[in-house]
Every structure is written in structure tokens, then in C-alpha cells.
Amino acid sequence: MKERKVPIKNKLGIHARPATLIAQTANQFESDVYICKDDIEVNGKSVLGLMMLVAPQGSEITIRCEGADEEEAIEAISKIIEEGFGEE
Amino acid sequence: MRSSQELKLKGIPVSPGIVIAPVKIFKRKRAQVKERILKPTEIEDEVSKFTKGTEKLISVLNELKMETKEENLARLLDVEISILNDTEMQNDVILLIRNKRRNAESAISSVFNNRKESLLKHESSYMRERANELERLGMDLIAMINDDYSREDFGFDGIIATESLSIEQALRIVRSNAKGVVTEVGGRTEHSALILRNFEVPTVFGIEKITKLVEDGDTMILDGGKGVVIINPMDSTLNRYFFIKSGYERYESGLASERDLPAITVDGKEIGLYANIDIPEEADRLLDLGKYGIGLFRTEMVFYEYSSDEEKQYQIYYDIAKKVYPNSVTIRSFDVGGDKFYSDYTEENPFLGLRGIRVLLEEQEVFERQIRAVIRANVHSNIRFMIPMVSNYEEVLEAKKIFLRNKKLLEKQQNNVNQPRFGVMIEVPSAVFILEHIAELVDFVSIGTNDLTQYTLAVNRKSLRVSKLFNHLHPAVLKLIQITTDICREKNIVVASCGEMASDPYGVVLLVGFGIDEISCPSSRILEVKSLIRRINLSDAEQIAAEAVKKSNHRAVKDLVGEYLKSVMPELLEFYE
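Chains as they are written, first to last, in the numbering used here: chain U, 1 to 88; chain S, 1 to 577.
Some hints could be false.
[As the list claims (entries may be wrong)] Below, simulated DSS-like cross-link-like pairs (lysine-lysine); rule was C-alpha separation at most 25 Å, straight line: (1) S:K179 - S:K10; (2) S:K312 - S:K400; (3) U:K9 - S:K312; (4) S:K121 - U:K9; (5) S:K209 - S:K116; (6) S:K56 - S:K34; (7) U:K79 - S:K312; (8) S:K566 - S:K269; (9) S:K226 - S:K10; (10) S:K322 - S:K407; (11) S:K291 - S:K322; (12) S:K312 - S:K408; (13) S:K116 - S:K27; (14) S:K323 - S:K407; (15) S:K116 - U:K37; (16) S:K407 - U:K9; (17) U:K37 - S:K121; (18) S:K269 - S:K291.
Honestly, the hints are just simulated from the structure, not real lab data.
So here's chain U without its partners, still in its complex pose:
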């Protein structure tokens, strides 16, 4: 299992489009992906789950990946979050 804390850099935090980007990325991997914020943990492959998170700029979320490609998954997801979802 891999776990990593990443800061939310973009102003609006996780709203509809970032949630879409995280889910799209997570779904490219076999591993289970979870995103935790405070006491709430949601399935990182579920855009609707991610939309429920309250993760504004400056807050920190934890990514947890478990499975055969957990290393790659956690890298890819951290990257888009750290880039502030700005790319695409």
C-alpha cells in the first residue's frame, strides 16, 4: 500500500472538473484508489464521491493506493493535484 499527503494548490479546491480529472486518472489503474480528507474517505475512482469532498485551497488530502500498479497510480494522481489541475 502506498500513501501520500498532497496540498491542494488551486483556488477552488476539488470541484467538478478536478474531481473529473482525478477519477479519469484513477480509472487508468488497476489499484484501488482512496482520497481522504479529515475523517472522510472517498473512492478516488468515483467522480460523485470526490465531488462530496470539501477540499479548498491550502488544505491537505491523503491519497492511498493499493494494488499491483500502486506506485504508478499514486505518482500520476499526485502529479495532477500538485499541478493544480491546470493542465489539459
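Here the structure of chain U is known, so what remains is to put chain S in place on it, guided by the hints.
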């Protein structure tokens, strides 16, 4: 339910234009969801009905996405596609079908409604606003599994009446032959409204029960500019509207004949005429109207998408500046807070709270990123940068410092840095009274008449109860404008106006009279404003403006200016409410 009487109904004006045409009702509604307990033998069929329907809707949206050239719209569709692909959502629905033996449509309806309810409780207002869009997606999915969903629907040469509109439906309508749209629910700021306005499909939202009040084929009059719909019109009403419509069309083509002429008063003062835009794509349509610059590029849409992406912002600003060159574009910095979404922070009284420049100075990283993108994009030296909602001298000083500091930093990194002209919005009365000091720091100012009116009269224009007190012809507002233009003349800086007053004929006469240098209005009003300016005598307008500030109330002002308008451009009053 259907009435045979002529009925005039008032809704929300979304996109202007007059249409007289038969109506067709399109319904996809919750009421059609029937809950049923399945027989054990039916369960797997129902599951596959759901999965096939989901796949079909995804492929419909994907196809539409491929056809959509505008990146912003494609991204909106992406969110919907991801929701349909959401395995948690899918599993929830399938569990309800398998374990509770619920039929597919009622299972979908429960799951989407649950999610909608949670979204409505979200701390962020932006997320709460997405709840309706989620509900509509669920309705589309139900329609799809019931084979009630057809893409050819809108191939109809008339007015479409529907309960509400999804983004996807709006996109298909603008590509169809539909002449107009009326809905029961929806707001001006919804994505679907933006699309219809962008493509100039006359539209009225918010006519309650409209799909029940009419039947297919009934004749309807729709006036998108006034937000009015008339059903079962009497012959006399029809004749009147045919007359209005043909007059309107003649009037519009008359305006178009002046397309390439300058906005110059009879006695020779040229007024700079500019357009307001909300999304970058609007700049393309602007070119069809002739050569204009942009007097107000609102960057809130950019903020929502790219506040943390300097490169993307640079590209957007650069493209627009290049498109309008040799004219200029005034980029207004992010005006968030107030009624516009700003993070998860809520104000008891948002218009008097953290808003405009107050946000920018608190969120310096975001502010500086935009400043750098704007300065870098100023390759053709035709960009102006404008700060919203200033009320204190120190704010402007601080913003200017940050602006200049970033310019210096950029100069160390690249050659040929062109400093954009720097200006502020005048929309808070306190800024007017210290303008002689602020003027030392800026190259131009732009009067935002909507907020100036709101803050002067202490009236929220969106208030259900007091919005009728909102009026930019109020003599107090006019006096503030007069002071502003006088100081700008004295200090020799450019003074522009970009609020609603700048597209109201009464307002235009007064602004010209006060000595405004530039007017910026929605592109749909540009030709009308130009025609009016070409009929105004500056010396007359000056006299009227000087008299107007002495009046006791807005009605007296309106009468005074109305008399003049009647003498110079009577046809305009006919089409103006």
C-alpha cells in the same frame, strides 16, 4: 389545464429576439418515473437495460463532444460523461435492482436524487449549483433506458417548450432549426443559458407550467429581450407583434447599415465604442459586427478554470489581444466574492464583504499569476488591466505596487516587456470622492454603473422586494458620474463606462453629455448604441446632463432625456422598454 384565453406570461429574459411560431413540447420529467417491484426473472434484464442505457448516453455525449469545437463546452460534457462512468453510482443502482428488486428507472431516480440532496448540502455554493445539472443528467438517463430519448427531437422549425435544459440539449438546439426556447425552470447564469445567448437563439426561462399550458402546434409569441411569452394570442395581438417584429427587423438592418461607420456625434466628438465579453469565444462573433475592441473582458470564467495556470491564462489573453488588434482589450481582474463564487467562505452580506480587490490582495498568488499572464500577453501593446471594486487609496497603491513588481521581475526574465495600461473600476461612491488621488496612480478608469447604483442607493438589484428602487437614472448616481468625468478631464485620464447604463439609450445620452470617452456594452447592443451616438449633438447632451443632475428623481430625468430621444431617434423608443 390548457387555456383558450390569450395569456401573457413574464419570465426571465435569457436571450433577445422576437419569434412568432408554433410551439412543440419536450418533456423528460421525474413524474414519469414509476416504481415497480420486479419479479425475480426480470432482474437481470433490468440490470442490462440500465447498463446499456448508460453506455448509449455516454456515446451520445462523446459524439457531441467530438463535434464541439469550443474547449470549455467540451469540458462541461466531460464532467457528465465521468458521472455516467462512475462505478460507485452504477453499483448503487445495480444493488437497488438486484437486492431491493426495484425497476431500473426508479433505482436511477433514487441514486441521483440522493446524490443531488448531498450536493445541495455542500459547503461550496458552486457545488450546490451543480445539483440541478446532476438531476437533469439522471432524467436523461431514465429517458434513455425507456427509449424516450431521441436526438432528432429538436429538428423542429418553431419554439421549443420544455421543463429545463441540459447543456447537451442546449448544444443540440443551437445546431437545429429551432427558432426559440421557453422553459419552466432555470437561471440566466446556467451553462445552457450561456450557450443559447451565445448563439442568439431567442429564449425565455422560468415560465411556470408552460409545458402544460400549451399543446403542440399552438401559436406562441416569444420576446426574449423582455422575457415575455404570449400564448393563444388574439388576432389583434398577432398583428401587433408581426408589425413589431418586421419593424424590429427593419430597424436592425438599418442599424447594420452603419456597421462600418465611426461612433461620432453630429458635432464631431468620437466616442470609443467597445464590447463586453464573458468568455473568450465571444471575441470571434464580435468580429462580424465590425472592428471593435473589448472594453470589459470579465475573467471570472477564466478564474473558475485556470486560476492556478499562468500559461493557459497567458494563451487566452494573448489570443484575444491578437484577435482585436489594433483595437485594445481591457482585462478586468478576477471579480469574485459578492454573488460570485469564492471558495467556501460565506459572507453575511457578500456585496459589502470580501470581494473584488479585497480578495485579490488577500490571494496574492492568484492575483500575481494573472498579472504576469496579462503583462506577458501584451505583445502588441493593446492590453489594459483593470482592478474591480476599489474603495480605498491604499488598495490601489498596493495593487499597483504588485503590478509593477511583477513587471520588473518579468523584465529580468525576458526582453521586450510591454507594460499594460493600468486602471480601476469606479463602482463604489467612496472611490469617486477620492478620485483625484487615485487618478495619480492610474492610466484610465471605467465606471461600473450597476454596482455604483447599487452602492449609492443601497439597493440589491436582485432583491425580490426592493429591486424596483434600483435605477441608474437616479440623480445621485448621475452626480457621482459627473464628478468622475470632471476629475478625469482635469487629470487628463481616459474615462470609460461599462455598466448596463452604457447600453440604455437614456444612459448613453447622459454619459455622452458628461463627457465620457469610451462606452462598452454587450455586443448585441453595439450597433444600436452607435446609431444613437451618431444622432446626438454633444452640446445638446451636455445641456441635458447638466439639467438632469438638478432633478429630484429618476422619473424627471427619464422624461427630460426621453423628449430628446424622441426628437433624434424615435424608432429606438419603440423597441426599448
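Consistency of the hints with the structure:
no.	hint	result
1	S:K179 - S:K10	holds (19 Å)
2	S:K312 - S:K400	holds (23 Å)
3	U:K9 - S:K312	holds (16 Å)
4	S:K121 - U:K9	holds (24 Å)
5	S:K209 - S:K116	holds (23 Å)
6	S:K56 - S:K34	holds (22 Å)
7	U:K79 - S:K312	holds (18 Å)
8	S:K566 - S:K269	holds (21 Å)
9	S:K226 - S:K10	holds (8 Å)
10	S:K322 - S:K407	holds (20 Å)
11	S:K291 - S:K322	holds (13 Å)
12	S:K312 - S:K408	holds (22 Å)
13	S:K116 - S:K27	holds (20 Å)
14	S:K323 - S:K407	holds (24 Å)
15	S:K116 - U:K37	holds (21 Å)
16	S:K407 - U:K9	holds (24 Å)
17	U:K37 - S:K121	holds (17 Å)
18	S:K269 - S:K291	holds (19 Å)
In the structure shown, no violation is registered for any of the earlier numbered hints.
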